[in-house]
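Novice: Protein sequence lines, in the order shown, are assigned to chains A and B. According to UniProt numbering, the first sequence is numbered sequentially starting from 1. According to UniProt numbering, the second sequence is numbered sequentially starting from 1.
Think of the hints as simulated: they come from the structure by calculation, not from any bench. You may find that some hints are simply not true.
Said to hold, decoys possible - Under the rule of at most 30 angstroms between Cα atoms (straight-line distance), these lysine-lysine pairs were calculated in the BS3-like manner: (1) A:K283 with B:K179; (2) A:K291 with B:K165; (3) B:K62 with A:K283; (4) A:K106 with A:K131; (5) B:K30 with A:K279; (6) A:K175 with A:K157; (7) A:K283 with B:K63; (8) B:K207 with A:K283; (9) B:K102 with A:K283; (10) B:K210 with A:K283; (11) B:K26 with A:K283.
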Amino acid sequence: MDDDPRNKKKVKEGFPKPFFSPKSRNDNHSSRNSRHEATPLAMYEKRQRVLNNFELQPPEYLINSQYLIEEHVEKAVRYAGEIDGVSPHIDITNRTDVLRIIDKGKKQEVIPAQVSPENNAVLSLSVFNIKISKYNASEDLLLRIPMHEIAAICYIKDDQQHTLAIKFGTPESCKLAVLYCESKTAAEEICALVGQCFHLVYMEATVDLLERQIRPLELGGGGSTPTGTVSTIVNNTRQANKHSFETESRFSRVPSDSGSNRNSDSVTGDELLKDYMTKLTTKLNAEELRKFAQHLQEDWQRDNRFDEFCDKVLVLLGPDRKQLLSEMLPFIPVDNYQHFEEFLRRNDILLLENSSTLSSSRTNLRSYPTRRSLGEVSTTSSVSNNATSGEALDHLLDLANAQYNSVDVDIDPTHDVPSEDY
Amino acid sequence: MVYTMGDRNLYSKLMVDVVIGPTLDKLEKKDISAAQTLRRAITKAESTIPGLTYDLVRGLLKKGEVSDRLDMCETLLRLGGTTDAEELRIPRTEPSFKTLYKCACDLKLILSRIPDQIYDRKQFLETIKDIASSIKILLDAVNRVIAEMPQTESGSRQILEERKKEFVRYSKKFSNTLKEYFRDTNQNQNVFLSANFLIYQTNLILKTVKQECC
């Protein structure tokens, strides 16, 4: 390729000086956060848009990650085009193989044999994608490659041409985008920046995966982990978030006299419920949880037999765990509150304020007014609002079912964690 | 990397698990009484003077003029996954207990591969995925055992719950250490140390199950 000295000259001339006009910033090890505007170099450049460029130091060309995440880096290149039908198995670290593909592309006129100022382009790079646009007034988009579709990028110096080849596509078939840079340094810099994007995207994704395994347990305060596959966990987390969102909107739609306190109370009430349900999962096995949810749904909600619900839950918990009932006190709707208090006393269950078994990292039960039910917590202006009491019960039931479902999913130990594309 | 007393105590406890334990297992086959006496004595001595075993092993290595050639943190991590000590084995035959033991061994084995794989980025990412999956499977197995444990006055279930919480805490620390490492790849020693803590927490779960259920 380009053995003809005339071509060499053309290529060299093909990058007019100055080729681009960077808005240059220093971003090296010693001053990674310092950003300096460079003075435009010539009148020619002033007609061009200033590129969002950085002065980076070889050999690593390290850049502050935030610029790749929050912004983008622009480099001036010459874009030859893309070549289809590249084998996914091709190793683009093999110089000869890549040059053969490029030569074939030129012969088939898929890409031009020579590039000229007509091919001047802007390569824009961020953790999301590589975007190549014409370096003209309208900056017509030529190619966009999402980061997860990029398999590899390589730099080849062939005679005086500094070629960049980007292999991308799906596992079945790949393409090769061919670009030319002004110098070896410029080509190496782009390779290094793409490498940093890979690093950010895949490292973060992998650690996130690890955290997703741990997070449900942290949220549960060390309670029983939901069993099941990774996707189950993700779904469960989403479900939990959904609950949280619904709860907030549900609780805050009721007018309140204590406006600014309302939201915080509502959230605390929601957290309180979740904490309690999480605690139940550590004290009850799956079958007991199912029964608890059943009593809630059938005896209390459907049949409105609160007495029966209390009696059955007392039997379910037994003498060793009956104290758990006192921790339900803040969730009992106001219309059942007095009855529930008497029920606790009758069965020698310590009232909430005397209980020493309560523990929660996120709530402070003692800060609750002693005789305040969730109905009151959620709305100060509608204590007798049956709908609100009903909502509290609904929510408790939702949480009970969610907790039960989360421990009842069959585990498939052979199921793999999702893999990232490389 | 800052070396702390906490690290020294961790190394010491891991040495009991991965160096002393297997040696005593061998002795036990020849002289069970002597092995048990020694085991009790070392456990007692270690609890009285935390770090004693580390000092002992370190002293031996220094005397043999090999201590400078040995990265203790990395070596213990390599040993942590490959060594099987009687003290950590759960003799219960029910599926939940067998699964728990297997999951714990699997996780330790994967963690012990870190020193070999940390420098190969792609391989290391795969290893982290394996670790994530193993952590989850182990915790599910622990939950199954907890669910099968009867409610007793001695509070065995609560003790194991606490062990599980600690394990989750150290899993989170491990995850944070990885984040730090990806920002600064010179921090590989911190990854080794964090992985060692996770192995130690895994061993603690096994010991707790053995103590409370066997």
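Novice: If a hint holds in the structure, say so; if it doesn't, say that too.
Specialist: Hints, verified against the model:
1. A:K283 with B:K179: Not OK: A:K283 and B:K179 at ~35 angstroms, beyond 30 angstroms, violated.
2. A:K291 with B:K165: With a Cα-Cα distance of about 26 angstroms, the restraint between A:K291 and B:K165 holds, given a limit of 30 angstroms.
3. B:K62 with A:K283: Distance of about 51 angstroms is beyond 30 angstroms: violated.
4. A:K106 with A:K131: Answer holds: A:K106 to A:K131 is near 23 angstroms, not above 30 angstroms.
5. B:K30 with A:K279: violated (48 angstroms)
6. A:K175 with A:K157: With a Cα-Cα distance of about 20 angstroms, the restraint between A:K175 and A:K157 holds, given a limit of 30 angstroms.
7. A:K283 with B:K63: Outside the cut-off at roughly 53 angstroms; violated.
8. B:K207 with A:K283: Holds - the C-alpha atoms of A:K283 and B:K207 are around 22 angstroms apart, at most 30 angstroms.
9. B:K102 with A:K283: holds (26 angstroms)
10. B:K210 with A:K283: With a Cα-Cα distance of about 21 angstroms, the restraint between B:K210 and A:K283 holds, given a limit of 30 angstroms.
11. B:K26 with A:K283: Judged against 30 angstroms, a Cα distance of about 41 angstroms means the pair is violated.
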